[in-house]
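Colleague: Chains Y and P, in that order, give the protein sequences.
Under my numbering, think of the first position of the first sequence as 1, with each following residue one higher.
Under my numbering, think of the first position of the second sequence as 1, with each following residue one higher.
One or more hints might be untrue.
[To be verified] Here are the simulated DSSO-like pairs of lysine-lysine, each with C-alpha atoms no more than 30 Å apart in a straight line:
#: 1; chain 1: Y; residue 1: Lys64; chain 2: P; residue 2: Lys562
#: 2; chain 1: Y; residue 1: Lys75; chain 2: P; residue 2: Lys49
#: 3; chain 1: P; residue 1: Lys49; chain 2: Y; residue 2: Lys64
#: 4; chain 1: Y; residue 1: Lys38; chain 2: P; residue 2: Lys64
#: 5; chain 1: P; residue 1: Lys669; chain 2: Y; residue 2: Lys85
#: 6; chain 1: Y; residue 1: Lys38; chain 2: P; residue 2: Lys49
#: 7; chain 1: P; residue 1: Lys7; chain 2: Y; residue 2: Lys85
#: 8; chain 1: P; residue 1: Lys562; chain 2: P; residue 2: Lys652
#: 9; chain 1: Y; residue 1: Lys75; chain 2: P; residue 2: Lys562
Bear in mind the hints are in silico, worked out from the structure with no lab data behind them.
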Amino acid sequence: MPYMIPKMIDRELKKGSAELLILSLIEARPRHGYEISKQIETRSQGALRFHVASLYPLLYRLEKRGWIQGRWVEKAGQRRRRYYKLTSEGKKVLAAQRSTWETFVAAINRITRAEPA
Amino acid sequence: MNATEWKQAIRNQLADLNLDPAREMEIVEELSQHMEDRYRELLSIGASKDEAHRAAMAELNQNKLLTGELRRVERAVKYEPVALGAGRTNMLADIGRDFRFGARMIKKNAGLAGLVVFALALGICINTTIFSSVDAMVLHPFSFSNEARLVVLFERKLSIGITRASISPGNVIEWRAQSQTLQEIVAMHNREYIMTCDGSPERCTSYAVSASFFDTLGVEPQLGRGFQPGEDQEGREQVAVLRHAFWQTRFGGDPEIVGKQILLDGKQFTVIGVMPEHFDFPYDGGEMWTPLVFGPQMTREHSAHYMRVLGLLKPGVTVEQVNADLDRISKRIEQQYPDGEAGHTAVAVSLNEWYTRGVRVALPAIIGSAIFMLLIACSNVANLLLVRASTRRKEIALRLAMGASRWRLIRQLLTESVMLAIAGGTLGVMMASWSLKAIVLGIPPGMSRYIPGWSQAGLNHRVLAFTALISVLTGVLFGLLPALRATGTDLNQTLKEGSTRTVKGGSNRMRNALVVVELALSLVLLIGAGLMVRSVIWILQTDLGVKPDGVVTMNLVWPREKYAQAQQRLNICEQLLERIAALPGVINVGAVHALPMSGKIDGNSFQIVGLPEFEPGKEPHTDFRIATPGYFAAIGTEVQRGRSLNEQDTAKAKRVLLVNDAFAARFLKGTEPVGQRITMASDSDKPLEIIGVVANVMNADLDDLAEPCVYLPFAQNPVSYMTLVIRATGASVEIVPAVRRELAEIDAGLPLSEARLMTDVIYERRSPKEVMMWMLVVLGLLALALAAVGTYAVMAYAVAERTQEFGVRIALGAQTADILKVVMGRGLKLTLIGVGTGLAGAFTLTRALARLLYGITPTDMLTFAGVSLGLAMVALLACYIPARRALRVDPMAVLRCE
């Protein structure tokens, strides 16, 4: 897929989906903050980018709610980093948010697709 | 850009958020890693260092997004974290945090904290107990509202050494008429009655007092009323106010007692009131108060001086002004009545000063002991706090390194000290409350005569305020020094030190100095105690001039109306003594009008026949007793020369007397006393021949055998009250019912009272000195215990500090003796300095005990040496125990830790 110049995604859209993005990215395995931001940028092909000033407050909010859990991990030959993983509560929230998002996107798609002549 | 710079940039962003320092550190670390990764990423895609730095910083500083978002998410700490030393403070929140932190620290080291609290509680308990006692005994011994304006009046005859004498009735009248400085003058005199109530007679003592007595003192009865003006006039005087204890024991606390009639000497008296429980003035064993009537003869009486008198100062008048007034009046009286009042002057002494004079003698020693105990306790506390601060050196250094201000840490440490001091003060007050109750219960009842207010000793608001003040002051003063020391540390050095490296220098010197202070103060207290113990032993072993074992005494009074004639009294006394002598077990029996060592004595001036007469006003003075022939054998006083009184010394026979050794030595030195004659001032035309010399008898204060005394025969001086003295085998009190039966057979209306063993009479006199002795012994032993604990704590810490050193020494071949020498050597040095300092102090300070000591000097060498040796041994034992611990150090374990 060619690397696209990042487009300005509407701020409100980004805000509404940010939690879903983070929860889904750490569903498979724990990740640290920088990795999460790189995954978002890469997988969105640059369309979405979370900088340090917005990413970490969000991570801390999710941690406070108990949807994710942060832990300092020191791997051999590396600095210690803070990895975040999904909690069981977070899994339920992810499933619910995912379902809501899919329903919402399907509804938007049905409305915005060109009508057959 | 390195990690440190990213961290600082992030911290700047977070500065306004007031986050918990631990949380802030976490966020800073996490974000700085992200920033570094981002910076590297930008460099990797071709940006220059400056461009990468700018881009990364732009993302961080993006419209203050980070600060805003984190403010919504993270909880601000409500107080300034000490470790980061932020500029703003919230005083109340800080203090609250200090208390919570202090409580955690105290709990963490509960053992040491417990020692501190206990040492402080002990010092505060003793001070509170002593202050309460001094408050009750000296400062506020009375509950009279007019106490501050009351004075006791005395006559004086300084030319013959009489400084405090009773007053003649005539003088009472003259002073009332002429005084310009006294609002009221109240006369008091004990009166013996035979009280008949519900049929059975009994003897009772009444305080015969002026009608204004209760109003002058400013006391109100608990029931009924006091005397009204005019009730001390002839015809209106048949009223009585009862003492509380008498009302309880004799009348069962009858709530309807007011208005009841009692018979006193056959006359009807109406009970008009009952006084409150603790009111017993003038403390002479009286059961009631009755009006003192001045008959026509008494108003002109200037020769017999037997009244006790109180005065109430006019508002604004001082005691000095009263004395000047009395001088003026005395001169006038002397001119009017030269026969009875020549050379007599008058003096006024404040009521408080007079009645607390016995305790005031001991006051410097009592207060000194209390202060010493507090200083010892505080030295102990300071030492323990220093040890505690030393164990927290690293923690304090770390906090200082992390930005806490020194003042903030000092405040924190002081808060902990104040908390310990408040705990110690609270415990001390509780212990003092128990101690005071125990003391009041344990004091012999008779002692309240000498120390009014004793029974009321207890905690009051003055005492509690005093205790609260010394608690907080102790916490601040003795916590300040360790706090200053602990926070003045060299941070770099402290943080680099191993955990058990010895810290030399100021901290050690301070602890050593405090141990020396404790040992020195303890030694002074112990020496004081030792001197008192030896003094009391001297009193116990001294020949009193009587042999009290097996002797019973009882008081007998002849009512004036029924036994107005001298012959009547003589007959009764003779019959009774004969009957008692015939009882089984009785060895000797006699009677005397003033029992030795009972506090009762009479005196008179005299002339020696054949020698030039003394000028009027300059006659010598002697005590005198009136006795029956069997008295000296019964009481056990030796007749040394001549003969004793016998049945031939009747009213019609030659007038005779015996003198004691002190009289002969002072007034008849170099001559043979037997056969010489003297005349007494009260009967100057009837010379008395000396028929014998008896041994001296100890005075009432148990400190002087050298007071002259003469003995007159009862047959020639038949007074209306005598004390029977009966020497019997076995348990002497068993004789009392038999004696009562014998008297009842002679006259059923004549009771006997105050049956006491002579040993109890002497004990009552001796007990204040024994109480003082026990007080100093207990304080001394407590001081010793505290000093031992303080010494042990310092030595134990010193050994713990040097554990590694000892391990290395032992590993290098040091023997037991070498280690002991190191540890004990230090302990011995401290002990010797402490004992030496204490001895120097004791030489100076024990002089305060001089007036309390008998038969021993304040610098008695045997006491000084013995006590010093004892203290040194205890101190060395306190050093030996931790020294043994040093011997058990495992060098391998110590070296592994190194």
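Colleague: Indicate, hint by hint, whether the structure satisfies it.
Modeller: Okay, the hints, checked on the actual structure:
{"no.": "1", "hint": "Y:Lys64 - P:Lys562", "in the structure": "violated (105 Å)"}
{"no.": "2", "hint": "Y:Lys75 - P:Lys49", "in the structure": "holds (28 Å)"}
{"no.": "3", "hint": "P:Lys49 - Y:Lys64", "in the structure": "violated (36 Å)"}
{"no.": "4", "hint": "Y:Lys38 - P:Lys64", "in the structure": "holds (22 Å)"}
{"no.": "5", "hint": "P:Lys669 - Y:Lys85", "in the structure": "violated (116 Å)"}
{"no.": "6", "hint": "Y:Lys38 - P:Lys49", "in the structure": "holds (21 Å)"}
{"no.": "7", "hint": "P:Lys7 - Y:Lys85", "in the structure": "holds (25 Å)"}
{"no.": "8", "hint": "P:Lys562 - P:Lys652", "in the structure": "holds (23 Å)"}
{"no.": "9", "hint": "Y:Lys75 - P:Lys562", "in the structure": "violated (118 Å)"}
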